[in-house]
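There are 2 protein chains.
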Amino acid sequence: MQLATPRGTRDFLPEQMVRREYVINTVKSVFERYGYDPLETPAVEFAETLRGKYGEEEKLIWEFEDLGGRRIALKYDMTVPLARVIAANPQLPKPFKRYQLQPAWRYDEPQKGRYREFWQCDVDIIGSDSVAADAEIVAIIVDVMRALQFEEFTVRISNRRLADRMVRWAGVPEDKIIEAFRAIDKMDKIGADGVRVEFAERGVPKAAGEKILEVIATTGSPKEVLERAEKLLAGDEKAKAAINELRDMARYMALMGVPGQFWRLDLSVVRGLDYYTGPVWETNVTKPRIGSLAGGGRFDKLINKLSGGAADFTGTGTTIGIERIIDAMTELGMFDMGKTKTRVYVAAVKAELAESALEIAQKLRQAGINAQTDLMDRKLSKQFEYAGALGIPFVAVVGPKELAEGKLTLRDMRTGNERQLTIEQAVGELRQ
Amino acid sequence: MQLATPRGTRDFLPEQMVRREYVINTVKSVFERYGYDPLETPAVEFAETLRGKYGEEEKLIWEFEDLGGRRIALKYDMTVPLARVIAANPQLPKPFKRYQLQPAWRYDEPQKGRYREFWQCDVDIIGSDSVAADAEIVAIIVDVMRALQFEEFTVRISNRRLADRMVRWAGVPEDKIIEAFRAIDKMDKIGADGVRVEFAERGVPKAAGEKILEVIATTGSPKEVLERAEKLLAGDEKAKAAINELRDMARYMALMGVPGQFWRLDLSVVRGLDYYTGPVWETNVTKPRIGSLAGGGRFDKLINKLSGGAADFTGTGTTIGIERIIDAMTELGMFDMGKTKTRVYVAAVKAELAESALEIAQKLRQAGINAQTDLMDRKLSKQFEYAGALGIPFVAVVGPKELAEGKLTLRDMRTGNERQLTIEQAVGELRQ
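Protein sequences appear in the order of chains A and B.
Under our numbering, residues 1 to 432 are what the first sequence spells out, in order.
Under our numbering, residues 1001 to 1432 are what the second sequence spells out, in order.
For the record, the hints were derived by calculation from the structure and aren't laboratory data.
It is possible that part of the hints are untrue.
Subject to a maximum C-alpha distance of 27 Å in a straight line, what follows is the list of computed BS3-like cross-link-like pairs (lysine-lysine) [unchecked claim]:
hint : chain 1 : residue 1 : chain 2 : residue 2
1    : A       : 287       : A       : 112
2    : A       : 59        : A       : 112
3    : B       : 1301      : A       : 382
4    : B       : 1094      : A       : 382
5    : A       : 223       : B       : 1363
6    : A       : 186       : A       : 206
7    : B       : 1339      : A       : 94
8    : B       : 1186      : B       : 1176
9    : B       : 1211      : B       : 1223
10   : B       : 1382      : A       : 94
11   : A       : 28        : B       : 1363
12   : A       : 363       : B       : 1028
13   : B       : 1028      : A       : 28
14   : A       : 350       : B       : 1363
15   : B       : 1407      : B       : 1382
With the hints as constraints, model all of the structure from the sequences given.
This is how it looks when you write it as structure tokens:
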């Protein structure tokens, strides 16, 4: 038998699943807290549904011929399926607040943190053009990161329309605007000096580049950043509207109690070239050195475009980089759970007590405790070995003396502490 | 845009997802209660991994050529991937108790209840040859069915080795044994008279058929069924061993407190032809007329066979027919949840109060309540329409009078009852 999985795909053993499910359930519960419901779409789509939507990345679509001779593809992201669902289901009440947390496939060259099969997680609002919706998405990102116990992270927020005005105001010629954006996008990684070099290499006029740097290098409170941008771009009504949008967004976030330490305005955030139409954001952690953990923004024309005009709704939302978050949390040692969901192993000190152990395990299960007991007629030492290998946090030892007293000995496998308890007491202890 | 999904695949809108997740989470929590951990494997496997494993069904494997020219297949079930994982990970402590709940793909002709992409749910113990393990699996099935609120269901249990001995004892010639099994397998559906006809059509000698019917038509308590089988097959040591296995299994189930009303011994259960090596079972509901909801058994040679000898472990387990269960529960009207996970919609009576509504929604969220509020500047009546369309159970109305008193009006959307409550009181109410 071929023991390997296809390149860029992975088995998730229980130890990894316990961590993945913790992250996934945490993320889901935040989404649901804000009134988002789950949506799922098939792994396979007609290739024609996906084609013509991803620009240069289109070459990564994992396409194949169906047994029936049709061109089929594994889904590439959650966005095109969302547009399809919206177009196919006009009955869905708007705003349609949904999250989608499923595998996606990209036939890319696998490398650290990049897989051919990976989980993608999107949360979006379709049909609201209020900045309150954008603020809600950022509030969700902050709640997700905090729920996962990230302490140092920043959601960096800007506005695509402001960026558009800024490069024009600075005097970047029309045919160099995309080049200018590509350079600006690197500000966070390479700093102002790096961006200056990029501008030169990409043919952005020096004077224009300096004017841009003057805007994007602005730091300070949201108020300060916006006032400075307003001053620099004074007289540009479209820029002013975009600035006011960010000002409203900041107000909504304050209303929602989003702590200021976790987000800032950063006009160097550009995020893609033609997908977004309003506020945009990226989320970075101080450690480890890793890309954005959650990026998104407003996409008022995307549903129309992706659905070929079959549906036309504004929208805003974000991707939560589940795989990257799991990698970052692993690297930072943020997972403190064991390798199993089992809470207690019920061990019999000798074979004759195995059935009593089984009865006790069953009582614990009925009380809602995840419990295992021996199914292999093993000696006590082997049972302890097994519980230890799985990282089960407690072992309940059933011996003749304990049984006679209606008790068991509960051993905490981390501390080695042992206590004699009734089953009811043990249940109370194990529930904590 | 192509609005359809490929044939035999489905979108799951939030309304359906809420039901599916309820079933999936219920099933998972029972598995975890018994000490099983999740495992996931990729959607794609090398075609060679799947080939040669499924007999006639092999033609349903959804195979295709990779962009790199390799033959790849969407996974067909959870069993072959399990065997691969076991062989690839000898470090996994045994018994390996895992469940796997993921989509599988079969390129079959879609029909009612049969899809090309569907969720498969398996729970298995690898590496234990104790009948206690078989009993545990049946206890899990019973707990799953009860947790899902099925009231009338029966796990019908037999033993593949007993069936083998029975047909030989009855005098079925070697080349008609498979035919005899195929007829016996229909007992539950077509009754003794139907099986008699099947025997005749399939060339099973009349006398042998009658002897078999005498055994499999036996009803009564486990004790009665076993005693009768023991009497009929007296002198056959292998049959006796198989009967004793069932006797032990019954004893373990009694120890685990599995109510007798939910299972019985039924020697007409054969379940497949060469996969199982010990106890086997099917699970049926009285209504609706639908096939087995959970079938499985002991498969002591399967891991060895599927892994091509790369691993050799005994095992037992069951499939839970998630899709069939969801269909049955839908048909029986057993889902009483709404279309959304949102618990409350916070409505402002006029636009000027929208920000107060937002603040209140945020307080409810911080208290763990799933809450939505308006993001579209809608009138109160439109907000109620939206909450009603989504089936959100409560609406919290924020008006000037309520606000002045630090209160809100909580409306139960099902009964129409309204109460003025403080936010803390509302949280208490909404948590119930």
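Results of checking the hints against the structure:
no.	hint	in the structure
1	287(A) / 112(A)	holds (17 Å)
2	59(A) / 112(A)	holds (20 Å)
3	1301(B) / 382(A)	holds (25 Å)
4	1094(B) / 382(A)	holds (11 Å)
5	223(A) / 1363(B)	holds (26 Å)
6	186(A) / 206(A)	holds (17 Å)
7	1339(B) / 94(A)	holds (14 Å)
8	1186(B) / 1176(B)	holds (16 Å)
9	1211(B) / 1223(B)	holds (20 Å)
10	1382(B) / 94(A)	holds (11 Å)
11	28(A) / 1363(B)	holds (19 Å)
12	363(A) / 1028(B)	holds (19 Å)
13	1028(B) / 28(A)	holds (16 Å)
14	350(A) / 1363(B)	violated (55 Å)
15	1407(B) / 1382(B)	holds (22 Å)
Hint violations for this structure: number 14 only, all remaining hints satisfied.
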